[in-house]
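Going by this note's numbering, the letters in the sequence shown line up with residues 372 to 601, in that order.
Just to be clear, a hint being listed does not mean it is correct.
Simulated pairs of lysine-lysine, PhoX-like, Cα-Cα distance not exceeding 20 Å [unchecked claim]: (1) Lys-408 x Lys-591; (2) Lys-591 x Lys-571; (3) Lys-465 x Lys-445; (4) Lys-411 x Lys-401; (5) Lys-411 x Lys-378.
Think of the hints as simulated: they come from the structure by calculation, not from any bench. If you're wondering where the values come from, they're calculated on a predicted model, not measured in any experiment.
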Amino acid sequence: MTEEVRKQVCRLLGKDNSGHGMEHVERVLKMSLKFAKTEKADEETVALTALLHDVDDYKLFGVKDDDKLTNAEKILEQCSVAGSIKEQVLNAVKTIGYSKRLKGISPVTLEGMIVSDADMCDSIGATGILRSYQYNLAHGNLFFDKNIFPALNMSAADYMAKKSGTVVTHMFEKLLKLKSLMLTDSGKKEAIERHEIMIKFLYRFFEEENVPEWIDYLDKYLNNQNPMSP
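Let the sequences and hints guide you as you build the complete structure.
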């Protein structure tokens, strides 16, 4: 059953080049199953949730499908997933994603928490930087512009509507916040190292770019001083 779902997801996301394709799905699946063993969660529900967590993502399919889970429900039906499992998976998928957290929505089941953590962990660290670059490249955005500073404290609506920016601003606006959103011990442990990788990268990058104002901005950001762009 899981393999058939994977095939259906691949048909849907296989050509994506924005960092939300099958490479991302497979990494989230692998990490989710690793977390599931440690956290003693139901591995089948975790696997199905991980495979389907992006098939209605608003960034790929629009807000309408993101709310209705049109693709996820269709795939589960086509693969004859049992009703009880189907309901658990759909309920979990509905709660996964950074925009959902901005709306005050969080997973309530262990399986949903695990996939949420794995998905967010794949958005940070070295892989997260690469995925952000892929997404911004696909949308015509730069990696860095010293004159473009982050838009901090965005609402869910602002975040979902935002089209412009850079990889670096995205790191401040979202990626550096994800460590604090982990819900399981496994996720928290994984996120710590990935978070540190991003911080080290930014300090080194700003040094090489010779932009001391950005080093100061990062210092203040990490010290919760609500930095303002100069």
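Results for each hint:
Pair hint Lys-408 plus Lys-591 does not hold up; C-alpha atoms about 38 Å apart against a cutoff of 20 Å. For the suggested pair Lys-591 and Lys-571, the alpha carbons sit about 15 Å apart, so the restraint of at most 20 Å is met. With a C-alpha separation of about 15 Å, the suggested pair Lys-465 and Lys-445 falls inside the 20 Å cut-off, and the hint holds. Straight-line distance between C-alpha atoms of Lys-411 and Lys-401 comes to about 15 Å, which keeps the hinted pair within the 20 Å bound.
Only pairs whose Cα atoms come within 20 Å are accepted, and Lys-411 paired with Lys-378 is rejected, the gap being roughly 27 Å.
In summary, the structure is inconsistent with hints 1, 5 from the numbered list given earlier, while agreeing with the others.
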